[in-house]
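Peer 1: Single-letter residue listing:
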Amino acid sequence: MKLRDIAHSRTGDKGDISNISVVAYDPKTYEALRTWITADRVKQHFSGIVHGAVVRYEIPSLSALNFVMQEALGGGVTRSLALDAHGKCLASALLDMEIPDGVVAR
Amino acid sequence: MKTIRIGSGAGYSGDRIEPAVELVEKGDIAYLCFECLAERTIAIGQQAKLVNPAAGYDALLEARMRAVLPQAKARGIKIITNMGAANPQAGAAKIAEVARDLGITGLKIAAVAGDDVLAALLARDVTITETGAPISTMKGAVVSANAYLGVAPIVEALAAGADVVITGRVADPALFLAPLIHEFGWALDDWDRLGKGTAVGHLLECAGQVTGGYFADPGVKDVADLARLGFPIADVAEDGSFVITKVAGSGGRVTPATCSEQILYEIHDPTTYLTPDVIADFSAITLVEDGFDRVRVAAATGRPRPDTLKVSVGYKDGFIGEGQMSYAGTGAVERGRLALRIVEERLKLTGVKTTELRFDLIGVDSIHGPVITERAAAPHEVRIRVTGRTDTLAEAVRIGNEVETLYTNGPAGGGGAWKVARPVVAMLSALLPRDAVVASVELIEV
Chain V
1 MKLRDIAHSR TGDKGDISNI SVVAYDPKTY EALRTWITAD RVKQHFSGIV HGAVVRYEIP
61 SLSALNFVMQ EALGGGVTRS LALDAHGKCL ASALLDMEIP DGVVAR
Chain W
1 MKTIRIGSGA GYSGDRIEPA VELVEKGDIA YLCFECLAER TIAIGQQAKL VNPAAGYDAL
61 LEARMRAVLP QAKARGIKII TNMGAANPQA GAAKIAEVAR DLGITGLKIA AVAGDDVLAA
121 LLARDVTITE TGAPISTMKG AVVSANAYLG VAPIVEALAA GADVVITGRV ADPALFLAPL
181 IHEFGWALDD WDRLGKGTAV GHLLECAGQV TGGYFADPGV KDVADLARLG FPIADVAEDG
241 SFVITKVAGS GGRVTPATCS EQILYEIHDP TTYLTPDVIA DFSAITLVED GFDRVRVAAA
301 TGRPRPDTLK VSVGYKDGFI GEGQMSYAGT GAVERGRLAL RIVEERLKLT GVKTTELRFD
361 LIGVDSIHGP VITERAAAPH EVRIRVTGRT DTLAEAVRIG NEVETLYTNG PAGGGGAWKV
421 ARPVVAMLSA LLPRDAVVAS VELIEV
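Heads up: the protein sequence lines correspond to chains V and W, in order. If you read the first sequence in this note's numbering, its first letter stands for residue 1, the second for the next number, and so on. If you read the second sequence in this note's numbering, its first letter stands for residue 1, the second for the next number, and so on.
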């Protein structure tokens, strides 16, 4: 199973910081998301892209997590050499993260 | 209970115009707000103003006003926008000119100024937040410094009877919070209501991004009729609770899912969304479906505003040169990689001075980098992209030139070469005490 099977996501940018929301489609899977999608796993997933710290915030009323990733946008949106300077496409990469069997009860 | 309906007419400076017209004609709104300022818009506008003192406001200001002003005036809908960018006074004069041209009379237009704080920043030699260095170390590179103003001058303009309020840099949610304060008489230290009104602004400021725009993923999250996407309306009650909706029959969808993505858009710590007017807390916010294309939003809150104002500082940051070329068919990826190696070697051999270089294979690894894309299947076509940062325009031009010479000197079958070299205006930030920033309101009438 991939993260995109159970959650949706949007990326935002401020300077060199990218934030990615992960929202569970079904509130019942939020707890499983919280257990599996840790800041460390997200940092690992974006190795080579995100060079700074990753901090996770929890918003249980929305069944959502919010990842704030430092040094993620090539020095900042206004000076980055990247094709996607805003990092708009990062959410799609996170949604491709594999969720092992058993993490989410079927 | 009295409610106020606010429409969002644009989510960025280049946004579609007809959805704003639709809101005016069919939205039953009292206010139409246009949020059109990106991070570096003002810095670029400031440079335009140096060449022409009447320039520096949003390029689509005239087109937008021509489209909405007659019906807005006829229906008593007030307009609030930050399309003044680097020159709100000139923007107000342009709106007056459009009004006269359309035969509209009795229109009061307010220009909010005072966000330009470059002189104050230099006089105090403030510290740049990102670098920790005083601004004086940036010598002549700084081109603009604009403080994020809050609601106060907009509320003042509305109290003075303005039909149109045009500002430069203000906090995006303030465009939407100001009319709520004006209509409901909320106190400027009613932190709970200000937090709720900030949630209204945050959900509306990107327009179509809350009504199903930027949401569709075919087969997973489908959204109908994006070519006719309706822009959002907030129906706000005096207690700060509100419903997000849109014009019936317009494209898109409003659901808890579309709203939840937008609540967290560009938010860091959801308990601490810093604005000049309030520190808003969205961490316990709730979204409940309240009929078709209606979502009720509650439980945002707030606490006392920060003592300082954020300032965004624009500066000249050298130049960027870029070149691209396509390869297709069997072996496209290998030929593309060979092309990148050739350009890399050429830039060294010919002594092009760069401070940063980037080599991408568009279609393979340009967006997510080599690690995530490692196991992806080979595409039919790829496009190489070489980008570099330089200190001079002449050096930047040489990067694209080296890509272009692949035509006659590179791998077989390269096509569609394209190149560009441009100056870069980048942004940093600083903080100023509130008393160092003095906003002003100028009213003109046609």
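Think of the hints as simulated: they come from the structure by calculation, not from any bench. Quick caveat, the model's predicted, so the values are computed rather than measured. Beta carbons are placed, not taken as given, at the ideal position from N, Cα and C, and that holds for glycine. It is possible that part of the hints are untrue.
Some but not every residue of chain W turned toward chain V, in silico, with C-beta under 7 Å [to be verified]:
| hint | residue |
| --- | --- |
| 1 | Glu97 |
| 2 | Leu264 |
| 3 | His268 |
| 4 | Thr272 |
| 5 | Ser283 |
Label-pair restraints from in silico Cβ distances [stated by the list, open to error]:
| hint | chain 1 | residue 1 | chain 2 | residue 2 | range |
| --- | --- | --- | --- | --- | --- |
| 6 | W | Thr408 | V | His51 | 32 to 42 Å |
| 7 | W | Val51 | V | Asp5 | 30 to 40 Å |
| 8 | V | Gln70 | W | Glu18 | 38 to 48 Å |
| 9 | W | Ala376 | V | Gln70 | 25 to 35 Å |
| 10 | W | Asp217 | V | Glu58 | 17 to 27 Å |
| 11 | V | Gln44 | W | Glu356 | 20 to 30 Å |
| 12 | V | Tyr25 | W | Asp391 | 41 to 51 Å |
Peer 1: Hint by hint, say whether it matches the structure.
Peer 2: Okay, the hints, checked on the actual structure:
no., hint, in the structure
1, Glu97, "violated (32 Å)"
2, Leu264, "holds (4 Å)"
3, His268, "holds (5 Å)"
4, Thr272, "violated (10 Å)"
5, Ser283, "holds (6 Å)"
6, Thr408/W - His51/V: 32 to 42 Å, "holds (39 Å)"
7, Val51/W - Asp5/V: 30 to 40 Å, "violated (53 Å)"
8, Gln70/V - Glu18/W: 38 to 48 Å, "holds (40 Å)"
9, Ala376/W - Gln70/V: 25 to 35 Å, "holds (27 Å)"
10, Asp217/W - Glu58/V: 17 to 27 Å, "holds (24 Å)"
11, Gln44/V - Glu356/W: 20 to 30 Å, "holds (25 Å)"
12, Tyr25/V - Asp391/W: 41 to 51 Å, "holds (50 Å)"
In terms of the numbered hints stated before, the structure departs from hints 1, 4 and 7, listed from lowest to highest.
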